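Participant: For reference, the chains in residue letters:
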Amino acid sequence: MGDSQYSFSLTTFSPSGKLVQIEHALTAVGSGQTSLGIKVIPVIAAANGVVIATEKKLPSILVDETSVQKIQILTPNIGVVYSGMGPDSRVLVRKSRKQAEQYQRLYKEPIPVTQLVRETAAVMQEFTQSGGVRPFGVSLLVAGYDDKGPQLYQVDPSGSYFSWKASAMGKNVSNAKAFLEKRYTDDMELDDAVHTAILTLKEGVLTPAEIEDYLQEVE
Amino acid sequence: MGMKGNGSNHECSRERVKGEEEAAAELLLCREPIRIMSKGEVDYVHARGGFSFDSCRRNEMLLNKGLKPSSFLKTGTTIVGLIFQDGVILGADTRATEGPIVADKNCEKIHYMAPNIYCCGAGTAADTEAVTDTISSHLKLHRYHTARESRVVTALTLLKSHLFRYQGHVSAALVLGGVDVTGPHLHTIYPHGSTDSLPFATMGSGSLAAMAVFESKYHEGLSRDEGVKLVCEAICSGIFNDLGSGSNVDICVITKGQKEYLRNHLLPNPRTYISSKGYSFSKKT
Numbered sequence: 001m002g003d004s005q006y007s008f009s010l011t012t013f014s015p016s017g018k019l020v021q022i023e024h025a026l027t028a029v030g031s032g033q034t035s036l037g038i039k040v041i042p043v044i045a046a047a048n049g050v051v052i053a054t055e056k057k058l059p060s061i062l063v064d065e066t067s068v069q070k071i072q073i074l075t076p077n078i079g080v081v082y083s084g085m086g087p088d089s090r091v092l093v094r095k096s097r098k099q100a101e102q103y104q105r106l107y108k109e110p111i112p113v114t115q116l117v118r119e120t121a122a123v124m125q126e127f128t129q130s131g132g133v134r135p136f137g138v139s140l141l142v143a144g145y146d147d148k149g150p151q152l153y154q155v156d157p158s159g160s161y162f163s164w165k166a167s168a169m170g171k172n173v174s175n176a177k178a179f180l181e182k183r184y185t186d187d188m189e190l191d192d193a194v195h196t197a198i199l200t201l202k203e204g205v206l207t208p209a210e211i212e213d214y215l216q217e218v219e
Numbered sequence: 001m002g003m004k005g006n007g008s009n010h011e012c013s014r015e016r017v018k019g020e021e022e023a024a025a026e027l028l029l030c031r032e033p034i035r036i037m038s039k040g041e042v043d044y045v046h047a048r049g050g051f052s053f054d055s056c057r058r059n060e061m062l063l064n065k066g067l068k069p070s071s072f073l074k075t076g077t078t079i080v081g082l083i084f085q086d087g088v089i090l091g092a093d094t095r096a097t098e099g100p101i102v103a104d105k106n107c108e109k110i111h112y113m114a115p116n117i118y119c120c121g122a123g124t125a126a127d128t129e130a131v132t133d134t135i136s137s138h139l140k141l142h143r144y145h146t147a148r149e150s151r152v153v154t155a156l157t158l159l160k161s162h163l164f165r166y167q168g169h170v171s172a173a174l175v176l177g178g179v180d181v182t183g184p185h186l187h188t189i190y191p192h193g194s195t196d197s198l199p200f201a202t203m204g205s206g207s208l209a210a211m212a213v214f215e216s217k218y219h220e221g222l223s224r225d226e227g228v229k230l231v232c233e234a235i236c237s238g239i240f241n242d243l244g245s246g247s248n249v250d251i252c253v254i255t256k257g258q259k260e261y262l263r264n265h266l267l268p269n270p271r272t273y274i275s276s277k278g279y280s281f282s283k284k285t
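Protein chains in written order, with my numbering: chain D, 1 to 219; chain P, 1 to 285.
Because the hints were derived from the structure by calculation, they are not lab data. Only a predicted model underlies this, so the values are computations on that prediction, with no experimental measurement involved. A few of these clues could be false.
[What the hints assert, rightly or not] Cut-off 27 Å, straight-line C-alpha distance, at most; resulting in silico cross-link-like pairs (DSS-like, lysine-lysine):
#	chain 1	residue 1	chain 2	residue 2
1	D	K70	D	K56
2	D	K108	P	K160
3	D	K57	D	K171
4	D	K202	D	K182
5	D	K98	D	K182
6	D	K177	D	K202
7	P	K259	D	K108
8	P	K217	D	K108
9	D	K57	D	K148
10	D	K177	D	K165
11	P	K259	P	K217
12	P	K160	D	K95
13	D	K98	P	K105
14	D	K70	D	K57
15	P	K259	P	K229
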């Protein structure tokens, strides 16, 4: 892995015991566009699921918005959204799709969400301990539905993953998370979750001036 | 020589070798963490990566001791395809043979490649299964990356490149058909990697019997029902006139945006059982 000249890892420990490159990677994630996910498990099992949403802010009105796709599909029942560097996420999405397909071919069953998350996290960890490569500058929110029900996982550049009921990443994450904490209830319906996701993005992310702009455009 | 497993993937071949060699034969045929038997002890060797030649050494040793290697399951098949006015119809019989024995009376020879592409396989059963599975995976990943429906020529090129690379050792003769944005397509692929593009095609040991039917009755602009009837006739011709083909007829009709997989569309060889309650024999008989 990596150039032969760099057989040593570029991610090394600091005297305080931290991996500085990973901290910087998380900063890169924190300056990316906001994305969030909400898991819905009401009493009626048929109505449960996961909602993931992201802000699609284009650098200029000239950009062809149909060509930008931030939410990607990994398998028919697992999707992913990212915050951070787009190109890095493309590499991970490609690898995850291949791993999911290999699992399916070997075991003839669709890959469970936890397995795919584990394998993606393993890839991300590999890049923090190999020669000549840097950590990925993305955090992923993997949303999936398998026989264990709806699941939402966040995977960080370090390779650690967490299961969330609701989470946000990227810019203004503290506002967004605070809003989600207030709004999240265990007996939410799927439509409520979609509505909440949109509200969180609007209020947690947009400043009052931007909200005005949007309202003016709508009118 | 050839092998055919049935639709579900069986790891072990159903070879029955008599006597004390039975255990050794099962070792030879089952794919499990490699068990090396040496002087009565059994050790498990875990694969380390790269190709492990342990099995090759063991197989050679067993062959030297006089073990007959398993015979392959040959399809001895009739598979056909034709293009009708709205798309493609594929047909196949359902008999899998192991030499003179019928190994599977109702196997599935029409394999899924993509939602709009199906592939019939003749030759070594394991080869056709593995090759269509592999290329089907490739096509699926390709669909995710390009966000487009798969094209028949893509499947064709992937299959022929794979078969050519193995110089005919992968004994899979295929009839590939599907409908994509460019229209309906039908191709035949030979084990060495050459392909043909045809309006109607037959492959397998029953291909001559089926081709006779097609050559006399095929015309352009067939309707769906006419096409299905013609395919049934061709497969039945193979079933009744070729020993390697038999049992039932499977059909797959692919049109733009839709596919119909008609498993056991025709059952011209029903099994007639004498008693549904089973048999009872008096004692000491």
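Participant: Hint by hint, say whether it matches the structure.
Facilitator: Against the structure, the hints come out as follows:
no., hint, result
1, K70(D) - K56(D), "7 Å, holds"
2, K108(D) - K160(P), "25 Å, holds"
3, K57(D) - K171(D), "12 Å, holds"
4, K202(D) - K182(D), "15 Å, holds"
5, K98(D) - K182(D), "38 Å, violated"
6, K177(D) - K202(D), "13 Å, holds"
7, K259(P) - K108(D), "22 Å, holds"
8, K217(P) - K108(D), "41 Å, violated"
9, K57(D) - K148(D), "34 Å, violated"
10, K177(D) - K165(D), "11 Å, holds"
11, K259(P) - K217(P), "24 Å, holds"
12, K160(P) - K95(D), "26 Å, holds"
13, K98(D) - K105(P), "35 Å, violated"
14, K70(D) - K57(D), "10 Å, holds"
15, K259(P) - K229(P), "17 Å, holds"
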